[in-house]
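Order-wise, the sequence lines are chains A and B.
Going by our numbering, the letters in the first sequence line up with residues 1 to 493, in that order.
Going by our numbering, the letters in the second sequence line up with residues 1001 to 1493, in that order.
Calculated from the structure, these hints are not laboratory results.
Given the structure is predicted, the values throughout are model-derived calculations rather than measurements.
Don't take every hint at face value.
To be verified - Here are the simulated BS3-like pairs of lysine-lysine, each with C-alpha atoms no more than 30 Å apart in a straight line:
#, chain 1, residue 1, chain 2, residue 2
1, B, Lys-1459, B, Lys-1087
2, B, Lys-1057, A, Lys-57
3, B, Lys-1113, A, Lys-87
What the hints assert, rightly or not - Stretches of chain B that chain A covers, calculated by requiring three or more beta carbons in the stretch to come under 8 Å of a beta carbon on chain A:
#, stretch
4, 1058-1068
5, 1100-1108
6, 1125-1133
Where is the CB? At the ideal position from N, CA and C, for every residue including glycine.
There are 2 protein chains.
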Amino acid sequence: MSKGLPKRSEDYSLWYNELVKRADLAENSPVRGCMVIKPYGYSIWEKMQAELDRMFKETGHTNAYFPLFIPKSYLSKEASHVEGFAKECAVVTHYRLKNAEDGSGVIVDPEAKLEEELIVRPTSETVIWSTYKNWIQSYRDLPLLVNQWANVVRWEMRTRLFLRTAEFLWQEGHTAHASAQEAMDETVQMMNVYAQFAEEFMALPVVKGRKTENERFAGADETFCIEAMMQDGKALQAGTSHFLGQNFAKAFDVKFATKEGGLEYVWGTSWGVSTRLMGALIMAHSDDNGLVLPPKLAPTQVVIVPIYRGEAELEAISEKAKEIMAELRKKGISVKFDDRDTHKPGWKFAEYELKGVPLRIAMGPRDLENGTIEIARRDTLTKESFTLSEMPVGEKVSSLLEEIQNNIYQKAFDFRAEKTTEVNSWEEFQQVLEEKGGFLSAHWDGTSETEEKIKELTKATIRCIPLNQKEEEGLCVYSGKPSKGRVYFAKAY
Amino acid sequence: MSKGLPKRSEDYSLWYNELVKRADLAENSPVRGCMVIKPYGYSIWEKMQAELDRMFKETGHTNAYFPLFIPKSYLSKEASHVEGFAKECAVVTHYRLKNAEDGSGVIVDPEAKLEEELIVRPTSETVIWSTYKNWIQSYRDLPLLVNQWANVVRWEMRTRLFLRTAEFLWQEGHTAHASAQEAMDETVQMMNVYAQFAEEFMALPVVKGRKTENERFAGADETFCIEAMMQDGKALQAGTSHFLGQNFAKAFDVKFATKEGGLEYVWGTSWGVSTRLMGALIMAHSDDNGLVLPPKLAPTQVVIVPIYRGEAELEAISEKAKEIMAELRKKGISVKFDDRDTHKPGWKFAEYELKGVPLRIAMGPRDLENGTIEIARRDTLTKESFTLSEMPVGEKVSSLLEEIQNNIYQKAFDFRAEKTTEVNSWEEFQQVLEEKGGFLSAHWDGTSETEEKIKELTKATIRCIPLNQKEEEGLCVYSGKPSKGRVYFAKAY
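Full structure from sequences and hints, please.
Right, here's the structure in full:
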């Protein structure tokens, strides 16, 4: 199965595309820029959704659903928002087809033209704030903590499966608050929820930070983000949380009666992660044999492959395998027994490596005799023979899964550390970016001009101003002007 | 809160609309025909989704995701499908907006016109079967059992919250099989899954049956359905399961290599339920005081309201309430303690009646003294004083919730029985339909002409040919021609 999977070192981009397809994660659809998320890929996304949804609910949010379509005029109501989103959207202009008179098929019925065109939502701030106007009258209605799981469309010209597609799936939280401080606390809280999810479940270390003005969400006063490092030394923005100030409240006239009897505009936040996380997950951990999945997000955590000749051997192995499965399931471990006789064990081994199943157990007649099983780890590609009498197999497997989860995280953490370089001159900046890539921790003078110039010259952008930025006097790597701290530059997805 | 909720007997339709809004289930959005599903309504939908998703997975299905957009030409590939769906769809013709030259806002960029228009999916058979062509080569790839949770758009002219909206949420299963028999078994299985869900969780008795040719899904050889009876005597189609024969396989050229070495077209099914189920749930059980929710789908099953004066009383009641909550939660019962001091108990009682919370527990100082609580049932609006020493409160509440679930079902079952009438002449048909409504079990000659004539004259349609139809010689109520069994007529949503 992994035969012919390109090597990361030779063509990282091709390796990624092929891996996504061959591991049955997603594929391009007949509709330009839209993807089909295949069952295996979707089952990983479902695990992500379940954990995120739980975390949102634990922090007091509830789900709701708002319309797919946004009246064109709504986009214009917030000045910088329309600049950011009007450029790349799908526009519905008609609501009916009819048979062509020449019998050649169906055509758009010119009489069914909408008075006002509808935009397929690229994000839902406008339609949600227009709704919040009716939901919010008094401080008693606040905070309003709502999330939506939905599809959105941004008409991208160059698309890549999961990373950048015209339609993608995501969640978007939209909250309203009585004070700036409370809204800011919410913004930071959700960035922390995303960081916790990335690190604990995706085994993906992230840098938490603020975006520069240039890179902010269109309509936000402040954007927080989590940034991850991929194996090719490029950064990937994995989630954003926006402090919207009173911008959307003013655009949609959402005011509330304060406790003190006044009338004030509401403060807002929005925050989202998308199926792009699938791209991050794949690119951060996988290798030339295929996917490497952190056990906490693996749809199947353990696969058992019998090695046998003839029915009698299979039967004896199956019996033992069933005992083991029962024990694992009692521990909440998902396990599959692959006794298909249409494929050889070697084929199956390669298949489950490609699919990233964290642990593979092989059992042959000799194992049965000796009371052993062979356990292979996907992350290290190592095998060990385990004697079943040594300790309960459920415990053994649990502790191995935990070890794998930690190991994958640590590996990504060490990789990122190795790929993070403090640079102190423009020459060094260019050289490190070119030869090593990764995060460049560098002084910056704080101006958009310098930021844009650096982007133009090198394609590197400021990924974030890290929250743990140290106060440190220095000189901007490009302009030589004074700077008070380092920011992270990188080429990015 | 329920003040002014219209009475069912006076204006059923207004009662429904007002109930949906006041119970915070859904509301109309600024986009014509599209609804906003509010947090409380969405939390009920989430419970439905969770149960259905579990049932789909237990019957071997996996989830996936296919594009929102369908190329216009795809719709035309299956002849009867295009007839059914081309008439009422949202058409994307452009992919960019630009600033109007007069500064008046944004306009559609005429240069960003799509070569081929895209249809916002009204259902996904075409885009899915075009994908299946690549997924299916051999009998080893079958059966393919896929489901999708998604939004779809059908441009309805007259819309009603949940019952008929331009955009709605649903699931659509799309399966592919090696034989007609297997596809038919799947079709019937999914109808049975829907019926089981409706009866066990929604407490909604349904008639299982086949649709007539007229009422079949556009592109299906056979459509099975479940039909429910609402309190106003109108029927509501609550779910459909279609046997597609080889129609879509032929339209999209999906063939498979058989075990015997031949090459054959694949057999297909599709099946779906939507947010329309919310409408059915509301209309089947609720009363003039508000929602009545079956405990198995109620987001909050029990609410505890303290009756107190002053902090000290509240504290003592809270302590006891917390004990009770802990016991209920141990039993998996969802419970909320409403100790808000901004509202009086009477207001809260009305609020939870409106929201359909199955059980309300009230506790005052005298209850504390006596070791009692007052338990009120939403379904019967009856109250009882329960002595806590009598039995564990968890057991008491569990058994009451079960009783309520059964009682709601039984009430709907009896109502339907009362509203089902065998009619044997055209005069009787018209009279019963006019005066009593409900299901009319009548002989029909099996022709589309008669069916259409009856619809034209009375607005009643054939809801289904029931699966448990008795063989019985008779004469068609309208044409007087011979018939071999009765079918169900009704006016319907």
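- Checking against the hints above, which ones are violated? Violated hints: none; all satisfied.
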